[in-house]
Amino acid sequence: MSKKETTAPVVHKKPLGLRLHEYRGFYLMFLPVFIFVLIIYYWPMLGVRYSFYSYKLRDIHFIGLGNFVKLFGEKEFWSSFKNTLVISIVKLLLNTFVAVLIAIFLNEMRSLLAKKFVQTVIYLPHFMSYAVVAAIFTLFLSTSSTGFVNETLKSMGIIKESIDFLHSKTLWRPIFYLINLWKETGWGTVIFFATLSGINTELYEAGDIDGATRLQKIRYITLPALSNTIIVVLILNLAKVLNIFEPVFVLYNSRVLEVSDVISTYIYRKTFLTAIPDYGYTTAVGLFKSLVGCILMIGSDIASKKIRGRGII
Amino acid sequence: MGRKRKITLFDIINYIVFAILSLIIIIPIWKVVVDSFNAVGVYKFQLWPSDPTLAGYQTIIHTAKLARPFINSVVTTIVGTLIGLIMATLGGYVLCQNDMPGRSIFSYYLLFTMIFSGGMIPEYLVMKQLGLVDNMWILVVKHGMNVYNLVLMKNFFEGIPISLYEAAELDGCSPMKIFTSVVLPLSKAALASVGLMFAVTIWNDYSTVQIYITNPTQVNFQYQLRVMIMDGDTPTTAYKVSQNTLYYASIVCAILPFMVAYPFLQKYFVTGVNAGAVKE
Chain V
1 MSKKETTAPV
11 VHKKPLGLRL
21 HEYRGFYLMF
31 LPVFIFVLII
41 YYWPMLGVRY
51 SFYSYKLRDI
61 HFIGLGNFVK
71 LFGEKEFWSS
81 FKNTLVISIV
91 KLLLNTFVAV
101 LIAIFLNEMR
111 SLLAKKFVQT
121 VIYLPHFMSY
131 AVVAAIFTLF
141 LSTSSTGFVN
151 ETLKSMGIIK
161 ESIDFLHSKT
171 LWRPIFYLIN
181 LWKETGWGTV
191 IFFATLSGIN
201 TELYEAGDID
211 GATRLQKIRY
221 ITLPALSNTI
231 IVVLILNLAK
241 VLNIFEPVFV
251 LYNSRVLEVS
261 DVISTYIYRK
271 TFLTAIPDYG
281 YTTAVGLFKS
291 LVGCILMIGS
301 DIASKKIRGR
311 GII
Chain D
314 MGRKRKITLF
324 DIINYIVFAI
334 LSLIIIIPIW
344 KVVVDSFNAV
354 GVYKFQLWPS
364 DPTLAGYQTI
374 IHTAKLARPF
384 INSVVTTIVG
394 TLIGLIMATL
404 GGYVLCQNDM
414 PGRSIFSYYL
424 LFTMIFSGGM
434 IPEYLVMKQL
444 GLVDNMWILV
454 VKHGMNVYNL
464 VLMKNFFEGI
474 PISLYEAAEL
484 DGCSPMKIFT
494 SVVLPLSKAA
504 LASVGLMFAV
514 TIWNDYSTVQ
524 IYITNPTQVN
534 FQYQLRVMIM
544 DGDTPTTAYK
554 VSQNTLYYAS
564 IVCAILPFMV
574 AYPFLQKYFV
584 TGVNAGAVKE
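Those protein sequence lines, which keep their order, are chains V and D.
Under the numbering used here, the first sequence has 156 at position 156, and the numbering climbs by one with no breaks.
Numbers given in the numbering used here equal positions in the second sequence, counted from 1, plus 313.
What the hints contain is simulated information worked out from the structure, not anything from laboratory work.
Since no wrong hints were added, every one of them can be taken at face value.
Simulated crosslink set (DMTMM-like; lysine to aspartate or glutamate; CA at most 25 Å straight-line):
no., chain 1, residue 1, chain 2, residue 2
1, D, Lys441, V, Asp278
2, V, Lys14, D, Glu479
3, D, Lys319, V, Glu108
4, V, Lys14, D, Glu482
5, V, Lys270, D, Asp447
6, V, Lys56, V, Asp278
7, V, Lys116, D, Asp324
8, D, Lys319, V, Glu202
9, D, Lys319, V, Asp208
10, V, Lys56, D, Asp447
11, V, Lys217, D, Asp324
12, V, Lys305, D, Glu471
13, D, Lys319, V, Glu205
14, D, Lys357, V, Asp164
15, V, Lys14, D, Asp412
16, V, Lys270, D, Asp546
17, V, Lys154, D, Asp364
18, V, Lys270, D, Asp544
19, D, Lys455, V, Asp278
20, D, Lys441, V, Asp59
21, D, Lys357, V, Glu161
22, D, Lys490, V, Glu22
23, V, Lys14, D, Asp484
24, D, Lys580, V, Glu108
25, D, Lys319, V, Asp210
26, V, Lys169, D, Asp544
27, V, Lys14, D, Glu471
28, D, Lys455, V, Glu184
29, V, Lys115, D, Asp324
30, D, Lys378, V, Glu246
31, D, Lys441, V, Glu246
32, D, Lys455, V, Glu246
33, D, Lys357, V, Glu151
Isolated chain V (complex conformation) (with noise of 0.2 Å):
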């Protein structure tokens, strides 16, 4: 995990018993780290195993797989399986290839003064929360008299009758694609400054002398130095697909669940907006998520391991 490890010595082991006791103190100070793990993530664990009880208010009994049998027959959650993995990905790749083409031209650009001030610019909306984002776009794109999208489009003369963004089924996607994009490409370039900043400048006078143009020096030096990290930005977030439950979660409502409803978004209607829950059953969707969340992480890490030599757990 370390270079440290790697490099250090192999005969350097003092007596087990030796070390245990200078080290006692470590232990305590693990100590809190271990019990607070415990409780919040490996209790949970033990919870799983309701995938396979029935489980509505007290009445808790043994099913076997009635739940999964119940959830591949359920047409909703095919439904919110294909959403998860269109709209998670889409936006994957959305808003990295903007995060690259920014980072390339932002990288050309002659003034630094201008560059830090973009940067400060394009960062900003990533500390603001998706409820507050939510809150902003459904303001904006609101269909009373203060809808600052539909009243300047009309007043342009471009739309005649106000839209209905967020409850149009078609619109629904392009317009949540868009407002991650606005949210998060500007703090999706930073990763990719930090490799542009390694680029030996040698190599740009070189095309210099060749008598490159700007456009060749980009396709031919930056892109190739990109490559690397833009692949592994991609596996780092392809093992994390499943998970998305924020960004759609304030965004989307019952006229649109069609095209917006996602795994996760799917077990919280189920268990949090349903008369009389099955925990048992919401559980075994959560199960089934966490599992093939699992096989995707473990897949990511043998890629990652493979392309850039080092794991991503």
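Could you slot chain D onto chain V? The hints should help.
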């Protein structure tokens, strides 16, 4: 640098594109701020409020339904950040001790939680048993322990030159003494960035409150804001204030702490990400 300094067409287009991009980010934020001071709701983008008022902010301060969640947010963020930092520092430092028996077991113990989780419902049932449903301290419990941030701290600690540890050891410092008088003072920047990450997460958390809390005295500001704007649950107030003004003023309050701190602390925000992602 040997690059030519001539302004080309490419440069001009580049400047224009980034000017537009910056405006796309700034205009919505600017409009929110201006409209929070505007007595009447207008759809137009204004550079300055046409009918200035402070009623929106006064309403928030004097309406318990809004002021209380704001205080809850402040308290949970401060406490959660402190606990989070303590956990990340303790755990991170222990994981640095390569000779410590059992160290790798501890690290697998932590890393496993990043691969597999019980899921939303088992977590909810556990928190219910712990009495954390309808209790704002759920925010501290949920975010106080963050394995990712712990690993970040560990990476920072490993960046401290080994010679410093050795010098302290030669001076007869115990491992604990090294921690408190060598490692911690050198990690101020790291503590700042990791602390900021905790603070942003806790302050901005909305979904935890949505899942766990229904009692209006326990909710945080993000939740209250959302309920007010999306569900139209506007609190009745003694103030004459237009709905729009109140909405936008609330949004400003929700983003204010980090918007104010951000320009000064930007480098700490950014180092946190880079240390975690591109440690090669």
